[in-house]
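Please construct the entire structure, taking both the sequences and the accompanying hints into account.
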Amino acid sequence: MRAVVVDEPGTVRVAEVPDPAPGPGEVVVRVGACGICGTDLHIADGHFPPTPYPIVPGHEFAGEVVALGPDVGTARTVGERVAVDPSLFCGACGPCRAGRGNLCADWGATGDTVDGAFAEYVAVPAATCHRMPEGMTDRQGALVEPVSCAVHGLRRIGVEVGERFLVVGAGTMGLILSRLLRASGARVTVVDHDPDRLPRAREQGAEAV
Numbered sequence: 000m001r002a003v004v005v006d007e008p009g010t011v012r013v014a015e016v017p018d019p020a021p022g023p024g025e026v027v028v029r030v031g032a033c034g035i036c037g038t039d040l041h042i043a044d045g046h047f048p049p050t051p052y053p054i055v056p057g058h059e060f061a062g063e064v065v066a067l068g069p070d071v072g073t074a075r076t077v078g079e080r081v082a083v084d085p086s087l088f089c090g091a092c093g094p095c096r097a098g099r100g101n102l103c104a105d106w107g108a109t110g111d112t113v114d115g116a117f118a119e120y121v122a123v124p125a126a127t128c129h130r131m132p133e134g135m136t137d138r139q140g141a142l143v144e145p146v147s148c149a150v151h152g153l154r155r156i157g158v159e160v161g162e163r164f165l166v167v168g169a170g171t172m173g174l175i176l177s178r179l180l181r182a183s184g185a186r187v188t189v190v191d192h193d194p195d196r197l198p199r200a201r202e203q204g205a206e207a208v
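Numbering (numbering that gives the first Met the number 0), first residue to last: 0 to 208.
What the hints contain is simulated information worked out from the structure, not anything from laboratory work.
The following label-pair restraints were derived from C-beta to C-beta distances:
no.: 1; residue 1: G93; residue 2: G9; range: 35 to 41 Å
no.: 2; residue 1: G107; residue 2: R155; range: 20 to 26 Å
no.: 3; residue 1: E119; residue 2: S147; range: 22 to 28 Å
no.: 4; residue 1: G22; residue 2: A104; range: 20 to 26 Å
no.: 5; residue 1: G78; residue 2: G184; range: 37 to 43 Å
no.: 6; residue 1: M0; residue 2: V158; range: 40 to 46 Å
no.: 7; residue 1: A74; residue 2: I156; range: 30 to 36 Å
no.: 8; residue 1: G98; residue 2: P48; range: 23 to 29 Å
no.: 9; residue 1: R163; residue 2: E133; range: 34 to 40 Å
no.: 10; residue 1: P132; residue 2: G98; range: 22 to 28 Å
no.: 11; residue 1: R154; residue 2: G9; range: 34 to 40 Å
no.: 12; residue 1: D6; residue 2: V150; range: 32 to 38 Å
Note that beta-carbon positions come from the ideal geometry of N, C-alpha and C, so glycine has one too.
Here is the structure:
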C-alpha cells in the first residue's frame with residue numbers, strides 16, 4: 000500500500016509499505032479521510048519527543064473496517080464505517096484507573112507513537128473504533144477526534160448562555176471551539192495574527208474578529 004513515511008525529522012516521502020495485518024483485538028481500517036493536525040507537523044519537524052522514526056503519521060481519521068484480528072468477537076464487523084480514537088492507554092496504571100488516560104504511564108497514540116492513517120490502511124484496536132451514523136461522510140468522521148477535544152474543553156470550562164469568550168487563534172481548533180461556544184449560547188470574539196483567517200471565523204458565528 001502507499002503511505003506517507005517520515006523517515007527522520009525533515010525527511011517525508013510517499014512510499015510503498017507492507018499492508019498491515021490485525022493483531023489480537025485489532026481491526027484493519029481502510030482509510031477514507033485523515034486530517035492534518037499540528038502534531039503531525041511537529042512530528043515531521045522532529046519536535047514531538049514520544050515519536051519513534053520512521054513512522055507513518057496521521058491520527059484524525061475515519062474509514063471502513065476491512066479485516067478482523069483474533070479476539071475481536073462481535074464488537075466490530077467487516078464493512079462497518081468507523082471514526083477512530085487514536086489514544087492508546089494501558090488501562091492499568093494509576094492515571095488510567097483514575098480516568099486520566101492522557102497521563103498514562105505507557106501512553107501512546109496511533110500516528111504519534113505507532114504507524115497511523117496517512118496510508119491506505121491502518122491497524123488499530125477494535126475498542127478505539129466508533130461506528131459512524133448513517134449519512135456521516137469520512138471527512139466528517141475525521142473531525143470526530145478534534146471536535147471531541149473541543150467538546151472536552153467546553154465541559155471543563157462550563158458555558159452559560161450570554162457569556163462572553165475570547166478565542167485566540169482561528170485555525171481548525173479555534174473555529175471548532177467558536178462554533179461550539181455559539182451553539183451553547185455564548186458570545187464569541189476571535190483574534191488571529193493572520194487576517195485571511197478572520198472571515199471564516201465570522202462565518203462560524205463570531206460576533207467580532
